[in-house]
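*Asks:* The lines below spell out each chain.
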Amino acid sequence: MRSREPNARLWATLAAPGIGWLLLFFLAPLYVVLAIVFGRVDPLFRTAVPVWNPLEWNPEQFSYVLSRIGPDGIYFPALLRTVGYVAAASILCLAIAFPVAYYVARLAGRRKGVLIALLIAPFWISYMMRMLAWVNLLQNDGLVNRLLNFGGVFDVQVDWLTGQPVVVILGLAYGYVPYMILPLYAGLDRLSQPMLEASRDLGANRVSSFLRVTLPLCRPTILAAVLLTCLPMLGDYFTNDLLSASPKTAMVGNLINDSVQAPGQTGQAGAFVMLVLVATVLPMFYYVRVTLRGDEVRT
Amino acid sequence: MPVPYGPERGVSNRRQFLQRAAILAAAAPTLGAFLAACSKSSTQSAAPTLTIAKPDSPVKWTIPDDNKPIADGLVPEKGATLKIYNYADYLSPQAVKGFEDQFGCKVEISTFNDGDEAITKLRSGVDFDIYNANYTEISRLVTGGLLRPLNHSYIPNISNVWPTFTNPWYDQGWQFTVPYTIYTTGIGWRSDQVPADIGALSNPYESLWDTKYKDKTAIIDDFHTAMAMVLLKQGITDVNTSSADDLKMVGEQLTALVKATSPKVTITMYSDMPAGQIGLCQMWSGDVINAQSYLPEGVGTDILQYWFPADGKGLVDNDMLVTLKGGKNPVLAHLFLNHMLDPAVAKENFSAIGYQPPQNSLTADSLVSEEFIPENLRSAIVKPEYFDNGYRLLELDAANEGAWRNVWNAFNAGGS
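Quick note, the sequences are listed as chains A and B, same order.
The first sequence begins at 1 in our numbering and counts up one residue at a time.
The second sequence begins at 1001 in our numbering and counts up one residue at a time.
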């Protein structure tokens, strides 16, 4: 045990910058958000004035939001919509990403390097540009409508960009699918080959081996990949703004964006931020628990 | 993966956890104090009084002793960079270049999306020289000490603008502002998508609620402008109302609007309508004029239509240019304001951005006869008498603005 002590100090020293980083750029900003949510409003410019002392916090803005997120509240449809859109887009992402990642990790052989480069390629183009490209394709005289018209044979004029939930969901899936493929690939690539071979040796066929060995082993990876895409999707407002801009498809990110710059309402934006945070921290804890348990099992 | 410290890990962690919790508990108040020290003094914004200017209650601002206009006859700053804070696509690059060439300086333009965002940034102590303001912000800008008063001797071109703007109700004696653009807010439509003559309807605003145009409509993404349109549709001309009943009605009407036509909420009608995404929308007159240059090749400008009440009883507005106290080039800033009021420059700027300047030399007839504006968009030309008859969006007091915004946020959430 004694020989491990210096090691512990070394690791603590190495971890210190990361912990410092977290304190500086996560906990401190979080406290700032709290100070704004429960803070006051500048009487002249109506900008948010943070109140640092928790004893002087005013819950008015927070209660305003909280009292309107229930089933009869005005914000409930947007919250429900967000959950629905994010769930649908995540399932779609997983359906697309898993086979791709599986193929690249397990079956691509010599083409692996090229395929990984192709998987990383979307990151070279900004998210905004990729969404603007869709605006071009989906606008009324865009390629999609022209294709549906079959060169003038039919008269199809679909208004894709004016409040269509399906377009927002597809946009989210398109935007975030690369974020799911990479972690899935990383997990599938280091899947224990001896375990898979053992399952086949013990008589499992391909499907059974996949369902009873590969999938359970991949569970933490899938969870991590889904979380990695879900979390930014929950705060996304840009996709909806560009591909719809209609209140009918507003998500919680849009509520935050709408109130954050509105004089006197930054506190409400902060309250929504806190709600998203709570909603995302809970599955994160679950993920950490599952991962730790997975490690223990493997040990 | 091996577990690094075996059975002792839990014990050690619990102890460490307690130690760290104690440290955190001790540090938490310090964090508050640290952040308090970093922030600006709260006394800075304590209890100001806000004078709200209205057409029937004009305001002449008091110029404080520590913020006097610059002296006469100063030489323009040499080799300087003049910083302008403006909406995107709201200033002609050619007009800017002309100024740069004339005074041997560089002009740097930063952009904002709306006035609220702009004010937040201006408060942070940036050193912009010129800001494109709206009169709904003037009392905050002046009372907050963000503006520099003008020295009129540098701006002789003020004589070129409509007389009403040389003594406007929001800034008597034009001590801080010169007019930049004027515009109306009406209804724009594409005649190829909306064959009906919207302007001939008894209440053209109602067309936005017509289910015939579902998924084809849009309203302006500005709480006051959009909600004022709802009030006008319902025959209420107090577009700054503080009546809870009126606001409740507006909320209900907006809910009905989402159900009927599911409008986009945007400020990019000038490009979305030419692209065919929008067939009918609430629109600023400048945007429908600007939309001509966004039409695809082969599509004639005659498809663009605009309605604004012929008697001027609709929303009329103007934007203005102001010089900022924090700017480092006050002389150049004054000269730039004068430059933009030059008739030729103002006209060139009009052709680039679509928003009309209140220049004496530009009349509805001259703009149409010179083919500057096509006949079908004559209704988008702003006339001086509109400023006598039209309704103005005024600065709202804090409580009223909060009530308006709550209705707007509920609408934007899709669940009002």
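It should be emphasised that the hints constitute simulated quantities derived from the structure, not laboratory data.
The structure displayed is predicted, hence computed values, not measured ones.
Misleading hints may appear alongside valid ones.
Quick list of the computed label-pair ranges, beta carbon to beta carbon [what the hints assert, rightly or not]: (1) A:280 x B:1244: 34 to 42 Å; (2) B:1127 x A:280: 52 to 60 Å; (3) A:191 x B:1297: 40 to 48 Å; (4) B:1348 x A:130: 21 to 29 Å; (5) B:1244 x A:130: 39 to 47 Å.
If we take Cβ atoms under 7 Å as the criterion, some of the chain A residues that face chain B in the derived model are [as the list claims (entries may be wrong)]: (6) 88; (7) 155; (8) 189; (9) 192; (10) 193.
Glycine residues also receive a C-beta, built at the ideal position from the N, C-alpha and C atoms.
*Asks:* Would the hint on residue 193 of chain A stand, with a C-beta cut-off of 7 Å toward chain B?
*Replies:* violated (17 Å)
*Asks:* Given a hint of 52 to 60 Å, does the C-beta separation of residue 1127 of chain B and residue 280 of chain A actually sit inside it?
*Replies:* This hint is violated: roughly 39 Å between Cβ atoms.
*Asks:* May I ask you to test the hint 40 to 48 Å on the CB atoms belonging to residue 191 of chain A and residue 1297 of chain B?
*Replies:* 55 Å Cβ-Cβ, so the 40 to 48 Å window is violated.
*Asks:* Holds or violated: the hint that residue 189 of chain A contacts chain B, with Cβ atoms closer than 7 Å.
*Replies:* Nearest chain B Cβ about 16 Å off; hint violated.
*Asks:* Given a cut of 7 Å on the nearest C-beta pair, is the interface hint for residue 192 of chain A held or broken against chain B?
*Replies:* violated (12 Å)
*Asks:* Can you tell me whether the CB distance of residue 1348 of chain B to residue 130 of chain A sits inside 21 to 29 Å?
*Replies:* violated (36 Å)
*Asks:* Check the following: the C-beta atoms of residue 280 of chain A and residue 1244 of chain B are separated by a distance inside 34 to 42 Å.
*Replies:* At roughly 37 Å between Cβ atoms, residue 1244 of chain B and residue 280 of chain A fall inside 34 to 42 Å, so the hint holds.
*Asks:* Does residue 88 of chain A pass the interface hint, meaning its C-beta sits closer than 7 Å to a C-beta of chain B?
*Replies:* Because about 17 Å separates residue 88 of chain A from the closest Cβ in chain B, which is outside the 7 Å limit, the hint is violated.
*Asks:* Holds or violated: is the Cβ of residue 155 of chain A closer than 7 Å to a Cβ in chain B?
*Replies:* Violated, because the Cβ-Cβ distance from residue 155 of chain A to chain B comes to roughly 14 Å (cut-off 7 Å).
*Asks:* Does the Cβ-Cβ separation between residue 1244 of chain B and residue 130 of chain A fall within 39 to 47 Å?
*Replies:* holds (45 Å)
When each numbered hint is compared with the structure, violations occur for hints 2, 3, 4, 6, 7, 8, 9, 10.
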